[in-house]
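*Asks:* Here the sequence shown is numbered in the working numbering, starting from -7 and rising by one per residue.
Rather than coming from a laboratory, the hints here were simulated on the basis of the structure.
Backbone N, C-alpha and C fix where the C-beta goes; we use that ideal spot for every residue, glycine too.
It is possible that some hints are incorrect.
Here are the simulated distance ranges between beta carbons [stated by the list, open to error]:
#1 F169 - T66: 44 to 54 Å
#2 T164 - L(-2): 57 to 67 Å
#3 Q116 - T75: 18 to 28 Å
#4 S187 - L17: 38 to 48 Å
#5 D26 - V83: 32 to 42 Å
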Amino acid sequence: MRDALLAGVANGLSFIYSLLAYVRLQTRISTATDGFLDMIAGDFLGDGLPRKANQTDASYRARIIAAIFRERGTRKAIIAVLTQLTGRAPVVFEPLRPKDTGAYGLAYGYGSGGGYGTLLLPFQAFVTAFRPSGGGVANVAPYGVPGGSVGGGYGVGSMEQVPLASMQGQVTDADIFNAIESVRPAGYTIWARISS
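Using the sequences and the accompanying hints, generate a full structural model.
*Replies:* Quick look at the structure:
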């Protein structure tokens, strides 16, 4: 009777100890797991960085840390976030920036590269973002493409069955607009265009 009573108390305290150890891990981004990692992303970034389908904790943690410490509020930040998202560098044009518009007697000028500048558009930029070129699994040909549905072999794409987690997620236009908005300088108007 005495052993059963002590074992019951010990089991309860053991469960509480293991629960506290688990909860302690969830208090830091570097050790958080499962839904706690999603809550941390929500606390720091709002709805701006949801977990992708079948995304591992390690991959999601890396995305969260990159988003928290990302440069913001600069032209370089816009270029970096879009290049990271799509794999293709965007074209950024600021009508008030001489390096974009040029000037008479310099490398850029009337009738040469560059765009027309104006003082009437301060704190504005025109961004041409590009959709990612392709998707799927790298170095594996899709069905209906030579080397895909007809089989793999030397000099053609390999053919294999892959798990769904290996597929690269599609980047939507909304993802591109959200990425621009996440690093946009305060008080700046960004005119965005998405091209293939």
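*Asks:* At the C-beta level, are Q116 and T75 separated by a distance inside 18 to 28 Å?
*Replies:* holds, 21 Å
*Asks:* 44 to 54 Å was suggested as the range; check whether the CB atoms of F169 and T66 agree with it.
*Replies:* Cβ of F169 to Cβ of T66: about 18 Å, so the range 44 to 54 Å is violated.
*Asks:* When you take the CB atoms of T164 and L(-2), is the distance between them in 57 to 67 Å?
*Replies:* holds, 59 Å
*Asks:* With respect to the beta-carbon atoms only, verify the hint that D26 and V83 lie 32 to 42 Å apart.
*Replies:* holds, 41 Å
*Asks:* A range of 38 to 48 Å was offered for this pair. Does it hold for the Cβ distance of S187 and L17?
*Replies:* holds, 44 Å
Violation of the numbered hints given earlier is confined to hint 1; every other hint is satisfied by the structure.
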